[in-house]
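Following the hints, position chain L against chain F.
Number of protein chains: 2
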Amino acid sequence: MGEHPVIGVVGAGALGLYYGAMLQRSGLEVRFLLRRDFEAVRRKGLWVHSSVHDSFHLAGVRAFADSRAMGPVDLVLVGLKTFANHLLPELVRPLLKPETAILTLQNGLGNEELLADAFGAERVLGGVAYLCSNRGEPGHVHHLGEGRIRLGEMTGAAGGRTRRLAELFDRAGIPCEAVDDLGRIRWEKLVWNIPFNGLCALTGRDVTELLAHSPSARLVEAMMQEVVAAANRQPLRQPIDGDAFIARMLAMTARMDHYRPSMMIDRSEGRPLELDAIYAVPLRRAERVGSPMPRVAMLYSLLDLGEAGGEGQ
Amino acid sequence: MGEHPVIGVVGAGALGLYYGAMLQRSGLEVRFLLRRDFEAVRRKGLWVHSSVHDSFHLAGVRAFADSRAMGPVDLVLVGLKTFANHLLPELVRPLLKPETAILTLQNGLGNEELLADAFGAERVLGGVAYLCSNRGEPGHVHHLGEGRIRLGEMTGAAGGRTRRLAELFDRAGIPCEAVDDLGRIRWEKLVWNIPFNGLCALTGRDVTELLAHSPSARLVEAMMQEVVAAANRQPLRQPIDGDAFIARMLAMTARMDHYRPSMMIDRSEGRPLELDAIYAVPLRRAERVGSPMPRVAMLYSLLDLGEAGGEGQ
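Chains F and L supply the protein sequences, listed in that same order.
Reading the first sequence from the start, the letters are residues 1018 to 1330 in the numbering used here.
Reading the second sequence from the start, the letters are residues 1018 to 1330 in the numbering used here.
Hints are computed from structural coordinates only; laboratory data are not their basis.
Worth double-checking, as some hints may not be accurate.
[Said to hold, decoys possible] Ranges of calculated distance between the beta carbons of each label pair, as one might list FRET restraints:
1. F:1072 x L:1271: 56 to 64 Å
2. F:1306 x L:1288: 31 to 39 Å
3. F:1115 x L:1242: 31 to 39 Å
4. L:1265 x F:1197: 52 to 60 Å
5. L:1104 x F:1306: 34 to 42 Å
6. F:1289 x L:1135: 51 to 59 Å
7. F:1073 x L:1231: 35 to 43 Å
8. L:1311 x F:1190: 53 to 61 Å
9. L:1304 x F:1107: 22 to 30 Å
10. F:1285 x L:1083: 57 to 65 Å
11. F:1253 x L:1242: 29 to 37 Å
12. L:1153 x F:1269: 48 to 56 Å
13. L:1271 x F:1306: 34 to 42 Å
[What the hints assert, rightly or not] From the derived model, a few chain L residues whose C-beta atoms are all more than 12 Å from chain F:
14. 1089
15. 1138
16. 1152
17. 1155
18. 1200
19. 1221
20. 1226
21. 1243
22. 1250
23. 1251
24. 1254
Quick caveat, the model's predicted, so the values are computed rather than measured.
All residues carry an ideal CB built from backbone N, CA and C; glycine is no exception.
So here's chain F without its partners, still in its complex pose (with noise of 0.2 Å):
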């Protein structure tokens, strides 16, 4: 991957078109890939309003309605909402050639390992998004807060791969750091996302009325504490510092303005819930290694049954 490597964005939710919007406005040429804002970028381009930084528009994008138009690129972001995981492989062959990276930011575990079986771990990127963004009118998107991303290779430490790819971020506005255990920062996202994503997504409340809400961030608490427990049993190279860890999660929390998770989008708007990369993915591998978590699976429960339409489900 050279110095201006051509981007291809899949899933181009909130997350996909924020990143790829920096990217191109840093001067790299992106394509992406649409669905519900493909007219609307096509024909007027892409807003970003950001609370944090400028806002900008991009009138001319490179929108794709179907990836096998696309052609191949240097790095293939993913973004795409991990419940339509299983159209993952077919979206992405097209835009391979040998030498093509593939950065998923998805949200939970098991992303990194069905690219992987598809395509080879070799070319497999994962990292970890703490962003604050929402999708707004076709064409829109906005930019809440933070934005900053962790990234690491799938199997061994950072390398040189790595580390371009956080310069290329870096340039584009986006604080990036390449971590050498992506395992690490995957469980560490999974610490604010298992409680704050589910009960925000069940209550329909958003973090900030759960945090006012004492029983409510004591629960918050307690669900952070079992999934760091669980996070600490597996091959982690360090352990995550649990109390501290989550002082500072609940410290950023606290500092956000009424923010509404994306899964609590997803269930306002009737949109199927990430419940497998963000629930079963991590409770089977807790499971795995003598750790359950007792109210993250009773959370699973209550948001898996919310799935179920009506009776006998």
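Coordinates of chain L only, in the frame set by chain F:
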């Protein structure tokens, strides 16, 4: 309390209306303290629509809107929703003469104690109703299943008064058993109420839908196990045989046809929930004996969050 006690029903929701109507039909004088149903019952009487036994209509019903107009009775039957318990002493006081007994058939824990504090423990009996009933239009109550009562003295074993009361219910077509251990039957009832009332209220799914979703069915059972464990560390005369009792409760529930527990109806109609009696007091008593109920505590937090109007609670 003689052979033909005069009965005052305080809190005439589905439970109070049903039992009061059955007792009146058996020939006893029953006075009803009514709110929502007062006008309808005064004008047109009271209908019991039963899918278990004959339905019937009582044309002449002694309906009162103010307990101070009811005059003293021999037995006060309390069916008030526990979230209105702060009103209970004031509602009951005008009905008392020196020998009046007070039987609370309310849900959960803490109700006998409240009445005993106000009027002396020697007056107080408690009972647990296994009754599926819902209110219909004002003046109509629907009896969907079950109906039996188990009752006991607040302090001490069942005596003559308890047995006479049980006979009185039995003669009215309400299967009734006098027991020596009120605490135990209260906890036994909680084994059902704690999971089903709360989970149905939280998720909007009825008991049949809940049990049809196997992760939820497993969650129900795990919560029942928590309640049994806490119950068996209370001062009960005899422990609850957990596995057998839980199997019986689940089999009974499986026979219910899309039953909506009262708490589910309360929430769907925007009424407050009986969270203190069914969750907060049991959780405190479980905590006190070193048998915390983590899933129950989580459910309570989520239900309580739903009670908090908007943000900032």
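A quick look at each hint next to the structure:
1. For the hinted restraint 56 to 64 Å between residue 1072 (chain F) and residue 1271 (chain L), the CB-CB distance of approximately 57 Å keeps it satisfied.
2. With their beta carbons about 45 Å apart, residue 1306 (chain F) and residue 1288 (chain L) fall outside the hinted range of 31 to 39 Å.
3. Roughly 56 Å separates the CB atoms of residue 1115 (chain F) and residue 1242 (chain L), a value that falls outside the hinted 31 to 39 Å.
4. Checked against the hint of 52 to 60 Å, the pair residue 1265 (chain L) and residue 1197 (chain F) passes, with Cβ atoms roughly 55 Å apart.
5. Range check, residue 1104 (chain L) to residue 1306 (chain F): about 53 Å between beta-carbon atoms, so the 34 to 42 Å window is missed.
6. Taking 51 to 59 Å as the suggested C-beta distance range, the pair residue 1289 (chain F) and residue 1135 (chain L) conforms, at roughly 53 Å.
7. For residue 1073 (chain F) and residue 1231 (chain L), the Cβ-Cβ distance of about 49 Å falls outside the hinted range of 35 to 43 Å, so the restraint is violated.
8. For the pair residue 1311 (chain L) and residue 1190 (chain F), the beta carbons lie near 44 Å from each other, so the given range of 53 to 61 Å is not met.
9. About 53 Å separates the C-beta atoms of residue 1304 (chain L) and residue 1107 (chain F), a value inconsistent with the hinted range of 22 to 30 Å.
10. At about 45 Å, the CB distance of residue 1285 (chain F) to residue 1083 (chain L) disagrees with the hint of 57 to 65 Å.
11. A beta carbon spacing of about 32 Å between residue 1253 (chain F) and residue 1242 (chain L) agrees with the range 29 to 37 Å that was offered as a hint.
12. For residue 1153 (chain L) and residue 1269 (chain F), the hinted distance range of 48 to 56 Å is satisfied, since their beta carbons lie about 51 Å from each other.
13. For the hinted restraint 34 to 42 Å between residue 1271 (chain L) and residue 1306 (chain F), the CB-CB distance of approximately 35 Å keeps it satisfied.
14. With a cut of 12 Å on Cβ distances, residue 1089 (chain L) stays outside the contact zone with chain F, its closest approach being about 43 Å.
15. Every Cβ of chain F is farther than 12 Å from the Cβ of residue 1138 (chain L); the closest lies at roughly 32 Å, confirming the non-interface assignment.
16. In this structure residue 1152 (chain L) is separated from chain F by more than 12 Å, as the shortest Cβ-Cβ distance comes to about 23 Å.
17. For residue 1155 (chain L), the non-interface assignment is confirmed: its Cβ lies about 30 Å from the closest Cβ of chain F, beyond the 12 Å cut-off.
18. Under the 12 Å C-beta cut-off, the non-interface status given to residue 1200 (chain L) relative to chain F holds; the minimum distance is some 26 Å.
19. Distance check for residue 1221 (chain L) against chain F: the nearest CB is about 9 Å away, which does not clear 12 Å, and the non-interface claim fails.
20. The non-interface label for residue 1226 (chain L) is inconsistent with chain F: the shortest C-beta to C-beta separation is roughly 5 Å, within 12 Å.
21. Chain F draws residue 1243 (chain L) into its interface by the beta-carbon criterion, the shortest separation being 10 Å against a cut-off of 12 Å.
22. Residue-level check passed: residue 1250 (chain L) sits 19 Å from the nearest beta carbon of chain F, beyond 12 Å.
23. No beta-carbon of chain F is positioned within 12 Å of the beta-carbon of residue 1251 (chain L); the least distance is around 23 Å.
24. Every CB of chain F lies more than 12 Å from the CB of residue 1254 (chain L), the least distance being 31 Å, so the non-interface label holds.
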